[in-house]
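The sequence shown begins at 331 in my numbering and counts up one residue at a time.
It should be emphasised that the hints constitute simulated quantities derived from the structure, not laboratory data.
Some hints could be false.
Unchecked claim - Mimicking DMTMM-like on lysine to aspartate or glutamate, the simulated pairs with C-alpha atoms at most 25 Å apart in a straight line are: (1) LYS668 - GLU700; (2) LYS858 - GLU954; (3) LYS465 - GLU444; (4) LYS858 - GLU843; (5) LYS451 - GLU426; (6) LYS650 - ASP540.
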Amino acid sequence: MVCMSGCSADALRPRSSLPPAPAVVDFFADPFTAWPLLLPGMQAQGFSSFDREGGNADGFRGLYGTLSRNAQGESVIVHAVGPGVLRTLWFTGEEEGGELLDLGVLRFYLDGEEAPRFVAKAEAFFAGRAPPFVKPLVADNHISSGAYVSWKAIPFAKALVVTTSRPPRFFAAQVDTFSPDTRVESFDPYYPSKSGEALFRRALQGRWGDTTFRTVPLRYEHSGAGTIEGLRFTPRGSRSTEALNRARVQISFDGAAKPQVDVPLGFFFGSALGEVDIRAVAFSLAPGGSYENRFPMPFWQGFSLTIKGMDGVVELAVGKARDPKHAGIFHARYAYVKEPSYGVDVELLSFKGAGKLVGTVLGVTPRAPEDTRWWEGDLRSYADGMQTPRLHGTGVEDDHLGGWSNTFFCNPFSLPMHGAPASHLVGQYGPQLNAHLSAYRLYPGLPFFRSISHGMEHGSENLIDVEYRAVAFFYAHDGVSLVSADALDLFDGRERDAHGYEVEGAQSLEEVESAFEGRGYATLVTGKVFPHRGRARFLLRPSQANHGCFLRRRFDQKQGGQRAAVVVDGRAVTEWYAPGGNGVLRWAEDQVFLPARVTRGKERIQVDILPRKESPLWAPARYELLCVQQGKDTGLANTGR
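Starting from the given sequences, assemble the full structure and let the hints guide the process.
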């Protein structure tokens, strides 16, 4: 393939670079720029009321709705160390339908300030009567079917704490954090960005500006560099669910041997159950009219498009090429699980490589009315081989930002970033309704640098037998990898000596027999931790040509609130904070990012961990240094000491 006129030869070079740490791209201002980008150090962090013992008491008994209490006695539900941005905030009430949201007052504390930056009564907040938290950026339980949701982005430069005056039962939040070098201007309620409002209103109205579409054949090839900015399809003939799910959309970018997009047509446009009204940021579907997918799809050599199994009119909007150093290749991958395995999560996406997950469309088919409570299965999303999930949900309706299954099934809805646009009731078993479900969830992005495993339980503890169909939308960065550069197991004296490990205020090695939260909750792991109160110092070897490194810790989280400063070669880099604790499932893994300015080109780095005075015992078992770099993952970067 050749480059069309107007594009440079640079557009054909390998997509193997990463952008430096810039100011945060405002997702709500321009998701079509931010979605394909992968920033070194970016991480998604979830907070929720999931059952810390692995069962289904997610919020029913009110045990897990509070991380801690602050000095004012408020319930802390989010405590993140930045720079970063709060993406979503979700609650549901204590009764069916979520009518009661007895939280009192919401408070948002930024950057260590003693006074909250923003205060509002919960009912006014989600009713849109507390500017700048206005509709459609917020939705109450009558709009989001049993739940209360905010999509208003709250950026912070150093830290964010969200509290409620009364402890919630069911809640969830997603926070994105970035490299410590990222410049973020903290949220100002008096001068807020209004970009999200405009984006959401356009999605709900189905108005996308002046994008120019042109008609192409059902089989079409395009040469040169550019970006598919919109794909519109108007079917001819049957529009039944069976027809839409039998037909397929296939797209191959840059001469790939296999299509990066190969999914049922209905799912590609947001629906697992045929023609329903969908008005989302990434796709729309108008019954009797046209369907549209608006995920940006960059390419540098060309693409081939095929729609098979259904006749219709295809229209494309093709725009300028993206910078090949920064943007990933768009993928849409279909998963069908007819008979899920007992005790094993259903995988919506399992992928090895680097990239960013940006959305899913889910279809669930119970076989009989009595096959209920499959919706109690929790979302569990893992990145880069970590044994602690980045996101841990509380149930299918909750993870799609609705609430209470009967309410969820009886009130279909479509909103810009989430929805359950269709449910077909199949009967009632006791007080529980049951239904075939179509739901979608869009993310600002769940980044990964080595792998992702994104799935959910089929019922609490994976005990319910129902069918799952899903499409995952993600971007893959082929030339980026995460290499295991070095590791220090603290139980091993020789390892400590080899890494020059020194520690002040050390306790004796302690053996822990417990399990990890998430999928591993029933698997006992025996290991030793080396808790301490004073400074710990050790040496690690990064891979030299890196774009920064994650410092990962395996630790005992019996005592929550472990907090420490991280210093590299005498330079303060970041704060390490683990807000939650778990005295039952004690093992956990977390990580902080060390930017390239302190890791790149060095044979060794000296790391100091300085626990804060207010912190409980810092209780590590293992440290590992994983470095972001170009090229494929070749395993251990430093084979010698």
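Do the hints match the structure? See the list:
At most 25 Å may separate the alpha-carbon atoms for a hinted pair to count; LYS668 and GLU700 meet this at roughly 18 Å. With a C-alpha separation of about 16 Å, the suggested pairing of LYS858 with GLU954 holds against the 25 Å cut-off. Restraint check for LYS465 and GLU444: not satisfied, since their Cα atoms lie roughly 29 Å apart, outside the 25 Å limit. For the suggested pair LYS858 and GLU843, the alpha carbons sit about 9 Å apart, so the restraint of at most 25 Å is met.
Under the criterion of a C-alpha separation no larger than 25 Å, the hint pairing LYS451 with GLU426 is consistent with the structure, at around 22 Å. As the CA atoms of LYS650 and ASP540 are separated by approximately 15 Å, the hinted pair is consistent with the 25 Å bound.
Going down the numbered hints, you'll see the structure goes against just number 3.
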